[in-house]
Amino acid sequence: MTHRFVSRWSLTALIVLAALTLTACGGQAPATAWYGLTPGDEVVYLSATTKAYAINLPDGTQKWPYEHKVQQASLFGSGMATDQMHAQPALGNGLVYFGTDGGYLVAVDATSGSEKCSFVPEAPSTFIPFIKEKPAPVYAGPALAGDRVIFAGTLNNVYALKATGCESNWKPDWQVDVGSRVWGTPLVVSNTVYVSTLGHKLIALDVETGQLRWVFDKPMGALAGSPVYDNGVLYVGSFDNNLYAVDAASGAQQWAFDAQNWIWEGPAVVSGTLYFGDVSGNVYALDAATQKNLWTVELPKLQTPGGAVRATPLYADGVLYVGTDSGVLYALDAATGKERWPQPFKVPNARFLTTPLMKDGLLLVAPVGVPALLYALSPTNAQTQWQFPTPSGK
Amino acid sequence: MWDTLVIGPFTNALLLIYGLLGHNFAIAILVFTVLIRAITYPLTVQQQKSAKAMQVLQPKVQELQKKYAKDKEALNRETMKLYQEAGVNPLSGCLPLLLQFPIFIGLYQVIMLVMAVNPLQMLNLAKHLQGPLSQLVSSLLNTSLASFVPLNDRFLWLNLGQADPFYILPIVVVVSTYWQQKMMTPPSADAQSQAMNRQMAIMMPLMFGYFVMISPSGLGLYWLISNLIGIVQYWMVGRPQTATAAATPAAAPKAIAPAKKKKSAVKD
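Protein sequences appear in the order of chains X and R.
Residues 1 to 394 in the working numbering are what the first sequence spells out, letter by letter.
Residues 395 to 662 in the working numbering are what the second sequence spells out, letter by letter.
Some hints could be false.
[To be verified] If the Cβ cut is set under 8 Å, some of the chain R residues that face chain X in the computed set are:
| hint | residue |
| --- | --- |
| 1 | P513 |
| 2 | L514 |
| 3 | L517 |
| 4 | S538 |
| 5 | P544 |
| 6 | P559 |
| 7 | F560 |
Think of the hints as simulated: they come from the structure by calculation, not from any bench.
Note that CB positions come from ideal geometry on N, CA and C, so glycine has one too.
All chains should be built: construct the whole structure from the sequences, respecting the hints.
Structure representation (structure tokens):
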């Protein structure tokens, strides 16, 4: 009797555990990346997994939500499913451009939130001709380049499409295979687009034609974030712990700074000083001309547990705002690295992985992992002015 | 604690194999799964032997159930006495199973972690590639583990970070899970147990098949390899003896003796 009870109990426990595992994987899809945040005119645009939003800035009310549906095929048939959005939106020509996990680039009317057009690259066939490869999610934000929108899309390709007039036959003017996935928003400077790839390369392309200008392939680690341009130099972080300075015209390396761990995003550049973080939670201030390390702050020594600094810090009025993976937002004095707030802003279970925004006197931070999608804080004392959605869900 | 004891070491071991074996993640999964199954082999054998011994005692237990149908206390006492005389511990089959389960959960988590198909997973991976163990693996390989990222996720027709578009892998996993389930479930004389076994033999493969269908195929590959190893391990322990013993209740009392012998052999 006892052994039967025990064996049945253990069997039931195994099934329950397996079911729980399944539920975790097949239930409500969790975020696969942090949210994208872009300022508009008295609004901010937020791509937040299942929906994108335009949020009114004075009070945090919702101007419109946008949801993208995508055809989803399975063994049991096909149907429409909710797509996800994480990439940083781009604003221009009265449209907001979003990349989606379903591999789409969508253009939405900035005022009404109605979808104007969408583009999904044709997936290549597999070895069975009528079965196509599934498009990979788009994590890189679109970038505007004059009358074009540059879209680092699925299948290792970068596309250039007309930014306006997209209602009819929205097709790319050119597309280039960059050989690896792109997670960082491409950077456009005059007539060149710079693309960092997970395949350890920084690539410069001609905006008009897509023609390759140069490839910087020195890094020994992935380049997951966007490059940053200042005064003829590109700065890009790498998983090989280096921040690289690359000549924007030639692609030649100028110097590399060895940090303590992976550098995900490019630096904030202010008057020749570079501010950036690594995934161990260190924040660096570096003189771009001399590569002198002006100061380093080890955030884990300020708060336990520490957390990765993934995003580019925000600089405003002599203060650096730095978010961490452990749900802590710091205000650091840009000159000294010392804390400016009596207490950092903390949200339990949140992960601050998106670069904050300063807009209309509000410090905007978009966490993942908590019900609130956006906090508006006072930059002087970190007091919450509003949050979206409100705790009551509105 | 879980991260320190399981996820960190597993992650570094998997990447070490990946680095040593030509940067092929499918082969790394294969070798790593074989290693883990080899390490847990003594537990598996103990569990299977215990299950067999219990099966051999089933007819006796049923006799006791009939005899003491109205006296639960006596039934428990006599059942435990029977187990003691046969040198069988009813819990000895469950403990190895419970010990193995966290290992396989850890392995599943590590494969998902190392594939890092999305940015949040990549960020989590970054946390596990720092520390002395990663430095040791890096020095053994003479290269930074970060240089492996992103991993080569192509194998045959599969993108290991995506679900199999042809559903070949889920189908093979369903078949192998069913096969394994059928082999490892000892025949039962009890009608209720038989019904439960039948239900399990269908539900479990379908459940895992669905799971593999919606998951990255790297995980499906792991399940397939794990199933195949389980089947091979079972044959190594030896199924025919169990099947014969269970199918012929009259042979049960004689079969208790070999169980005792095996136990003493293990002690030696």
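Query - Restraint outcome when P559 of chain R is required to lie within 8 Å of chain X by C-beta distance - result: 5 Å, holds
Query raised in the report: Taking the least C-beta to C-beta distance, is P513 of chain R closer than 8 Å to chain X?
Result: 4 Å, holds
Query raised in the report: Hint check: is the beta carbon of F560 of chain R less than 8 Å from a beta carbon of chain X?
Result: Interface hint status for F560 of chain R: holds (6 Å vs cutoff 8 Å).
Query raised in the report: With a cut-off of 8 Å, does the beta carbon of P544 of chain R approach a beta carbon of chain X closely enough for the hint to hold?
Result: The hint holds - P544 of chain R has a Cβ within 8 Å of chain X, the shortest such distance being about 5 Å.
Requested in this report: With a cut-off of 8 Å on the beta carbons, see whether L514 of chain R makes it to chain X.
Outcome: 6 Å, holds
**Report entry** Interface hint status, S538 of chain R versus chain X (Cβ within 8 Å)
**Finding:** Holds - the Cβ of S538 of chain R comes within 8 Å of chain X, reaching about 6 Å at its closest.
Requested in this report: Would you settle whether the hint for L517 of chain R is holds or violated, based on the nearest Cβ-Cβ distance to chain X being less than 8 Å?
Outcome: 6 Å, holds
Violated hints are absent here; each numbered hint is respected by the structure.
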